[in-house]
Amino acid sequence: MEKARVERDSSNYFTGKLGVNLNLFNRPVGKEGKTDHYIGLTGNGNIGYVSEQNTYLLLGSYNYVRLRGATQIETGYVHGRVTFQRKQRLSYETFGQLQYDYNRGLELRALAGAGIRFAVVRKENLRFNLGTGAMYEHERWHNLEEDRYIKKDMPKLSNYASVRLPLNPYLELSTIHYYQVGYDQPHSQFRHRFSGDLSLTMKVNTWLQLVTNFSHTYENQPIVPIPNYLYSLTNGLQVSF
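Following my numbering, the numbering of the sequence shown begins with 1 at its first residue and continues without gaps.
Treat the hints with care, as some may be off.
Below 30 Å or equal to it, Euclidean Cα-Cα: the simulated DSBU-like pairs (lysine-lysine) are [what the hints assert, rightly or not]: (1) Lys87 - Lys203; (2) Lys123 - Lys203; (3) Lys87 - Lys34; (4) Lys156 - Lys87.
Treat the hints as calculated values from the structure; they're not laboratory data.
Could you put together the complete structure from these sequences and hints?
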């Protein structure tokens, strides 16, 4: 989310980014001359509108991997966010998100919430922000081991910290990390989620960038039997407009 934000002095304009990474190759399998085909597709993009007082952002991501004739990974999300009084050190936000991750068993995650955002540091060479708020989350999980579905509805607290650090005129580091917690009343326990993104962007020219992105998620009590910690590392091209 944070790397999609824009920091211009002007207003009433659109901005956006689009990145795609495609991998295709085959490998021999066994001794009979058979081959196995690998398909990997990663796409992400965002579009934003900056008015005099507010910022409107819409972000999306899709990740698909097919190997051995079967889908190994298919994930995606759409996230929308509005920041009110964007020029003030203390601003207000509303947000919503739709997400799925079929191979983890997440059929649907839908959430909506609101909160405040505080600009701790607003310098040309460093931007550091903190945010906190409340949200309501609906999830539908598929327990692949038992072949049954589980629904969860839970209010949660959502907190984040974000940093944008230009290292030089051609290289920028950006990161955002979330901590979300809610009380699962039917199971009488708190559920904690820690997630984040770390991106390194290298500018090729005014509209083309090379991007390395590391994403990770930790949940102390997953709804279905999956690993507590998941991560991904991707490299690709990004077009800005």
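Straight-line Cα separation of Lys156 and Lys87 no greater than 30 Å?
-> holds (28 Å)
Quick one, are Lys123 and Lys203 close enough, alpha carbons at most 30 Å?
-> At roughly 20 Å apart (the allowed maximum being 30 Å), Lys203 and Lys123 satisfy the hint.
Hinted pair Lys87 and Lys203, Cα distance within 30 Å | Given that 30 Å is the threshold and the Cα spacing comes to 26 Å, the pair holds.
Can the restraint linking Lys87 and Lys34 be considered satisfied, given a maximum Cα separation of 30 Å?
-> violated (60 Å)
In this structure, the one hint that does not hold is number 3.
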